[in-house]
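Engineer: Sequence:
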Amino acid sequence: MLRFFGSHDAAFEAAGIESPARRWTKERVVAAIQDRFISGDASDRIGFGDEKLASAAYRHFGSWPAAVEAAGLIDKVTFKPQLRRWNQQRVIAEIRAWHDSGHRLAEVSRKYQALFHAARTHFGTWNKAIIAADLEPERRFYTKAEILDMIRQRHEAGESLSSGHPDVRNLAMLTIRHFGTWRKGLAAAGVVQFGRKKVAS
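Mapped onto this note's numbering, the consecutive letters of the sequence shown carry residue numbers 1155 to 1355.
By construction, these hints were calculated from the structure, which means they are not laboratory data. Check the hints yourself; a few may be wrong.
[To be verified] Using 27 Å as the maximum straight-line C-alpha spacing, the simulated DSS-like pairs for lysine-lysine come out as follows:
hint, residue 1, residue 2
1, K1230, K1180
2, K1282, K1230
3, K1180, K1206
4, K1298, K1338
5, K1298, K1206
Work out the full structure: start from the sequences and follow the hints.
Structural biologist: Dropping the structure here:
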């Protein structure tokens, strides 16, 4: 295919098929890296300067070097000494790219751990990062252990644990569903609220 069309994307176009940019797979990432290398368009920038390719590489392989290695070019492609750092803007961009590619947001913790951990680092929680990206967190089933972890995380971060706080309402509802009351959930998490006459339930 490369012999006649030069690249996989050109072959898609010649066949009258829309290039599946929104359906990146591991195979497509590897093919894109090989295409760029063969065409001589292989800079030392992540994704060879292509943000979509870079994002797809991170989603499917965890890092750009890992994707290049999967393409069999780890010894032929040079890398900048310091790769892109995570920041709030990049987290938001990656969340949107993941969502636009048709992936479920609830799968990020398993399939794109680098993004999940970066989101929690820069926004405190995964759901906060999703909201910052102007997206709605997916509904999912939480275990009691996960709920207690979320309560402890807010407590350790010094964040509000008032059940009426906008950032706590969903967590409070989940807690009440599993533990009966908000107070019982706090107790199960080993968290005590000081300076309050009553813990809302």
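Engineer: Would you mind marking each hint as holding or not holding in the structure?
Structural biologist: The hints, checked one at a time:
{"no.": "1", "hint": "K1230 - K1180", "result": "holds (20 Å)"}
{"no.": "2", "hint": "K1282 - K1230", "result": "violated (40 Å)"}
{"no.": "3", "hint": "K1180 - K1206", "result": "holds (13 Å)"}
{"no.": "4", "hint": "K1298 - K1338", "result": "holds (12 Å)"}
{"no.": "5", "hint": "K1298 - K1206", "result": "violated (37 Å)"}
Hints 2 and 5 from the earlier list are contradicted by this structure; the remaining hints agree with it.
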